[in-house]
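Protein chains: 2
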Amino acid sequence: MTVQAALTQADTGLDASLSRLFDLLRIPSISTQPEHAPDCRKAAEWLVDTLKEIGFEASVRETPGHPMVVGHAKGPEGAPHVLFYGHYDVQPVDPLDLWHSAPFEPVMVKGPTGDMEITARGAADDKGQVMTFLEACRALKAADGTLPLSVTVLIEGEEESGGVNLLPFLEANRDELKADVALICDTGMLARGMPAITTMLRGMVGEEVTITCANRDLHSGMYGNAARNPIQLLCDILSDLRDGATGRVTLPGFYEGVPVIPEETRALWRKIGPTDQEGLAPVGLSLPAGEIGYTALEQTWCRPSCEINGISGGYEEKGFKTVLPSKAMAKVSFRLVGDQDPEKIRAAFRAHVQARLPADCSAEFVPHGGSRASIVSANMPFLPPALTALEAEWQHPAAVIGCGGSIPVVTEVQQALGMDSLLIGFGLEDDRVHSPNEKYDLTCFHKGIRSWIRVLYALTGNAPQ
Amino acid sequence: MTVQAALTQADTGLDASLSRLFDLLRIPSISTQPEHAPDCRKAAEWLVDTLKEIGFEASVRETPGHPMVVGHAKGPEGAPHVLFYGHYDVQPVDPLDLWHSAPFEPVMVKGPTGDMEITARGAADDKGQVMTFLEACRALKAADGTLPLSVTVLIEGEEESGGVNLLPFLEANRDELKADVALICDTGMLARGMPAITTMLRGMVGEEVTITCANRDLHSGMYGNAARNPIQLLCDILSDLRDGATGRVTLPGFYEGVPVIPEETRALWRKIGPTDQEGLAPVGLSLPAGEIGYTALEQTWCRPSCEINGISGGYEEKGFKTVLPSKAMAKVSFRLVGDQDPEKIRAAFRAHVQARLPADCSAEFVPHGGSRASIVSANMPFLPPALTALEAEWQHPAAVIGCGGSIPVVTEVQQALGMDSLLIGFGLEDDRVHSPNEKYDLTCFHKGIRSWIRVLYALTGNAPQ
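In order, the protein sequences belong to chains B and S. Quick note: the first sequence, position 121, residue 121 per the UniProt record's numbering, numbers continuous. Quick note: the second sequence, position 313, residue 313 per the UniProt record's numbering, numbers continuous.
Here chain B stands alone, though its shape is the one from the complex (with noise of 0.2 Å):
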């Protein structure tokens, strides 16, 4: 059976598979910072090589900001055809002094749970696990001379800033990018040595606001009580964001179409998921925050959030400044979850704020990307077979489960392609993702090449009728 022989291929040919991971992890693609667009581009053309090499037809695609990277390979006559997502951008890397090695010089090291650890910015999002899946179709295509179905890969650079160019791009090439299914690889397990794949994913609305009070910065002795500090307004106004009893978001409207979680849904999630205090526990905290009567697991599988993503006024360096600062920002971000409306609650955010301004005051505001929630639909027919690919692969049962995160491209390419999206990946909660120190797994890394090649193996049992 020759999925044997593109297993051993895979196992065989790991190291070289670590050292062409290492090669594109170095390449420091930070998407929204303008300065790295070279890099970004670099990664880009790195990954077209990289797929010209395995044997698809690939080129890089330009697009109004970060360009694409489309690849294809045939696969046999009849055999289902799938779109394989990822993204080569990563982000910032600040604070850069909490790193114990340079973020884009990777390394390899002994992790607390005794695995190795592929430590550097993008070992697990997402650049480890796009390359699990090109790994996988290197190996497949060594073993047989071809894949067993036909691929087409899409890898964007913008995931990390907004993502603006994604959906028209689809539009424009429908017809080159649809297949029967997309595998989406941005997602985790359920924990270590669990597989799982993702069917709930949140949405994301991300705010700046710039709060200006004085024409300049002023002297608090002079001026302070009598003229208005910017900062205390923008503390006020981000302090009623959320309800201190309870915890929920206070914008008019916000929870309109989050859906009630099924009671045997949360009764399941109890038995596979980690208490608070589990979760909580090795980010070094015991209390879960936000809304009062979910789950911390809950809260981030299918409650919608508010977070304060960033805020920055006044005097912040070493010592003390006197000063009543002109303006002060803050960066907020919404997750998203059932049919909540993204523009409705930047409309609703922003008239917070502007209720909240007194008539001498001003605020501006920068979008930050919009995508709604989406559900992949559990009777989708490529979903089970997956699922015991997985299982036979990790020795474990794969678990279906929701995740905190955003990826807009399941909603976008069922928006612009109609197709549905299976969200396979092998991130783990311990990875550091937008955190100094990101890693992954050595074992994610080789077992996920490997899960990948058996996962396009069974879903060529699903060939269109």
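One should not assume that every hint holds.
Given that identical chains are not distinguished, each listed pair holds provided it fits within a single copy or across any two copies.
The list that follows gives simulated cross-link-like pairs (lysine-lysine, DSS-like), each with its CA atoms no further than 30 Å apart [what the hints assert, rightly or not]: (1) LYS42 x LYS74; (2) LYS344 x LYS318; (3) LYS141 x LYS52.
What the hints contain is simulated information worked out from the structure, not anything from laboratory work.
With chain B held as given, fit chain S onto it using these hints.
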């Protein structure tokens, strides 16, 4: 009458006086930033050389922090002895991009009022003011060969950074520094062309608080809602510092020792002072913030305040990062009046924060100075002649006013040397003290020199019996 000779000397020597001031302004003596420590020493040495040139015995005096400058010049037998105080250190210059010229390359430009403006960091606070006194002494020496009274000069380098070393220095050098009255030049006029002596000064307590929640930055998708957000927590804590309806500070006992302003004083101030609109218009505001029931002027002259001087947390740069940070920091200051106790208020603030911390979060505090408010007794013998001298120079009655700023030296001189202070300064509301493009009107500098010549003569009539 030799006062005329000295005044003429001040007029003819103005250009030379200006070029000396510019030399001092070119030294970036920012006391709160450690990398500028050598510049602080340089400023101190420059002042010692200048004092010697004028005819003072002067020297740089070491402290655990930035050095002090002390100089002595003996006057006629039986004449009073004054202690002049000023500071050579300046505030940081950020935000640098808002300066129209380099902060430490002084320029003179025509201002909107038609007067020439000396523009540089420290032009008004306090180098320009210090130089009005030194140049007055220079003119007196040049005209009379001596000073009309004995003068001791004390210029410190930590007024803008907590000034913890001043009190110990005063106590350690009590005999050397004791005089009949202290002359402090770090305050302003009532308005352009309207001289004033400040008899009420607010004290200050500065605190820096850092809140820590998770032990590392988190992904707001994975942990949002479930893990405590330190920025949200900090906003809640800071928002609770003031009562939204009354604008009053909520710390228990905060208003203990705050004196009631006599109705006649309030009436007088309403007569001589600017209206709220007049006072706020220059900075682009129209509505007074802070406490309900007090004018902007009353709030800054004789009511305590609470200001957030800086805040920082999460991702503050361009673009967006869905991070849930581990820490958030704020710098807060309270201006004190009457008998408010700085240390009691510091303790109340820390208790306010601690009381609002969930059990799994922590707060660290850094104290930044603390001083009581000070009031100069209105019946001190040196006050009337000084007021008369100022009126003679400005051809406008000199007012007795309050000041929102904190000048700890007044309390410390009283405490360590048992001396009263006369606060005579020539700053204006629009000097942009602590802000970009700080300036000092040429008229204030010139007539400031002339004012000191008249004041020093006027005080000779008050030799101690």
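Hint check results:
With identical chains, the CA atoms of LYS42 and LYS74 are at most 30 Å apart within one copy only, with a shortest distance of 26 Å there and 75 Å across copies. Within a single copy, LYS344 and LYS318 get their C-alpha atoms only as close as 41 Å, which misses the 30 Å cut-off; across copies the closest is 25 Å, which meets it. Only within a single protomer do LYS141 and LYS52 lie at most 30 Å apart by alpha-carbon distance; the minimum there is 12 Å, versus 88 Å between protomers.
Consistency note: the structure conflicts with none of the earlier hints.
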